[in-house]
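Number of protein chains: 2
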Amino acid sequence: MITCNVGLIGLGTIGSGVVKILQKNADLLGKRTGVKVVLKKACDLRVEEGKKLGLRDEQLTNNFDDLVNDPDIHVIIELIGGYSPAKEFILKALQHQKHVVTANKAVIAKYGKEIFAEAQRNNVEIAFEAAVGGCIPIIKTIRESYAADTIQSIYGILNGTTNYILTQMGEGKNYADALKAAQKLGFAEADPSFDVEGKDAAQKLIILARLAFNADISEDILTEGITHITKQDLKNAQDLGYCIKLLGITKKENNSIEIRVHPTMIPVHHELASVRDELNAIYLISENTTKSMLYGKGAGQLPTATVVIGDVVDIAKGKKEVLYQEKVPIKDLSTIQSRYYLRFTVVDRPGVLAQLSKILGDNRISISGVQQKEVDKATVPVVIITHQAVEADIKKGIQEIDALEIVKEKTAVIRIEDIQ
Amino acid sequence: MITCNVGLIGLGTIGSGVVKILQKNADLLGKRTGVKVVLKKACDLRVEEGKKLGLRDEQLTNNFDDLVNDPDIHVIIELIGGYSPAKEFILKALQHQKHVVTANKAVIAKYGKEIFAEAQRNNVEIAFEAAVGGCIPIIKTIRESYAADTIQSIYGILNGTTNYILTQMGEGKNYADALKAAQKLGFAEADPSFDVEGKDAAQKLIILARLAFNADISEDILTEGITHITKQDLKNAQDLGYCIKLLGITKKENNSIEIRVHPTMIPVHHELASVRDELNAIYLISENTTKSMLYGKGAGQLPTATVVIGDVVDIAKGKKEVLYQEKVPIKDLSTIQSRYYLRFTVVDRPGVLAQLSKILGDNRISISGVQQKEVDKATVPVVIITHQAVEADIKKGIQEIDALEIVKEKTAVIRIEDIQ
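If you read the protein sequences in the order shown, they are chains H and Y.
Each residue of the first sequence is one higher than the one before, starting from 1170 at the first, in our numbering.
Each residue of the second sequence is one higher than the one before, starting from 1170 at the first, in our numbering.
No lab work stands behind these hints: they were computed from the structure.
Among these hints, one or two may not hold up.
In this list, chains with the same sequence are indistinguishable; a pair is considered to hold if it fits within one copy or across any two.
The calculated SDA-like cross-link candidates involving lysine to any residue, where the alpha carbons are at most 25 Å apart (straight line), are [stated by the list, open to error]: (1) 1342 - 1438; (2) 1189 - 1456; (3) 1496 - 1237; (4) 1200 - 1486.
Pulled out of the complex, with its shape left as it was, chain H reads as follows:
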């Protein structure tokens, strides 16, 4: 039996989960894996939290240096989240030749390159399965199971909050009520902007793309949230045989990488469409395995803590990852092609559709379908579905249209992906 002493920083939700699972399952874990994981010391400013969890005084500290300076500690688990001081703690731990396990997507997305290099310099490991998709073992799958494969694209429902909100809106709730329901269930923060604006999903997508394509990807990617989506858009999508999901999408084609997070219309029969409520899922298209999907709880105390401990065991058993990154150009998003759902809010007057379609045509945007329902209002919604069009053309066309006097609201644009 290998003994692995861990130091844990952060006794919040996930940190407490790690403590609880180790208290309950350490024996079974040892029998199964040959690794005895011992919580040597936990660090939190609120040491009382640790006492409530049943930790002994000598297991508790409010000074991170007590962890890095303890020669018996092999692995440090960072669960305080956020950029700072998490980044400094992680680097310090690595510099003290401690392996690090973290669930911190922000710090890995933004400072991954620096952190990986520091780990390599000190010949220790940095593991972060819990940073993406909660309990979904996507990091392990990409790195280990599909190491001999060539991943071509990833489509991920990477944020539970927005998936829950969109599911509720698909059932007829408006955005505000759906958000309130999510907050009530603890799926959304009081200030939900980080989730609903797609930033959380973007951080996770960056981590996935970096691994899948062995590419050096920065944090600056196209990120659109769901706040402009209306329940009418969801209804229109349903009528057209689609549903709307906030997707993280990344593809590698012709040695360039496309990466973006935005609300996306996908066919209602696609496997990702069946991922409802707060669940997450990651759909991979690759050369050898063609298509596969991993699905599960993307957040939560015990799901996340479980894979954190999985990372600790892997490290204790001697797992070594290799850092390999190429420079791969990121595709200019104005050149991407897609079909688009466009919802115009226009005055109800003859000739309006002709005006819209002329501007679209002038911008090389070809119309595949139009939907206009009779409504008893001064403004009417007109929905146009395009054929494949170029993002830059759409941008320009919509800008021209939104400047028209007949257009009464900013046009809603949702990209359509006919995922294979």
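Here the structure of chain H is known, so what remains is to put chain Y in place on it, guided by the hints.
Just chain Y now, kept in the frame of chain H:
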């Protein structure tokens, strides 16, 4: 860079896939994982197959001893399938201190205990990710990602042939035509009995249950295939809000294990219901991660070969698995409880329903719904859905009913699982 020399036995579909992937991706694999996988020698009676793949003469042999006696070979990949001589080859390789990677579900399901013990005795690894679910990394997920979790139940669509046939039947084909279509696409063998009788799924389920519950499970489990399912059953299921899947089901409750493979009615909105055609999926319910699902190609040359190589890399990087099995009693299946779909074929005569329901009632089987459509035939189908009933009671009740003169065909019995 670690160099890992492999010996491969079996240049059939998957073996050729391993060769092709190594020819194409070995460099990338090396950069990503730090392991250079070198195909030192391949063994097949048909050495010509190896030459067609571009292997050099000195890489080819028709004598397995050339693999085990080669001191430079670290890992032997067994891809000949079946019980014998695969078992003998695997044991011999282990005895020669070679690690073994196999995709052979039959031999692992039946002789797993003996093979694991031999590997342990010789301090080498036996890996078999490809034996269950093709490219789906379910073995790794259970062993590594969820090592700190307690799995409570597994529901698996573990056989692509039967899932394809049932998908086709759900769209209106009868069994014979659906089977023919599957054969045409290469999803079913000329003699499909191993798949359609559920035996393939049973072998895979045994392997999963053994790992998930650390239990010593033999090959003798309840196994029912799909040959008695009619397209009318699929239609009836749809009308009731269900679909029919061939599921491998295993649960651990009160320290006993339930394990069985049979056609199962599951709610049409359940995630497993969206797994169509030849795809496989494994749905896990566990204490910490609550629910998760892994989905992908369950067979095929490149999907399977990819995870075979993943196993090789893991071993080359020093991964060591621990053998831990408890004696856990297997539940007597006559005691399990379920809801049931019963389709009776009876003469169209007054009093028939009364006769059926009296016998069911006498056997403590309570009726939740009845469906009888007008048909212009001498015999009519009567569908009865039961409340929770005990398997032994159902067996006895159906036996009594099938002995009645009014009953013209063996009654079809399909268990219903309302999976959470």
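We went through each hint and held it up to the structure:
In this assembly of identical chains, residue 1342 and residue 1438 lie within 25 Å of each other by CA distance both inside one copy and across copies; the values are 22 Å within and 20 Å between. In this assembly of identical chains, the alpha carbons of residue 1189 and residue 1456 lie at most 25 Å apart only when taken from different copies (12 Å versus 41 Å within one copy). Taking the shortest alpha-carbon separations for residue 1496 and residue 1237, neither the intra-copy value of 34 Å nor the inter-copy value of 42 Å comes in at or below 25 Å. With identical chains, the CA atoms of residue 1200 and residue 1486 are at most 25 Å apart both within one copy (14 Å) and between copies (22 Å).
Of the hints listed earlier, the one the structure fails to meet is number 3.
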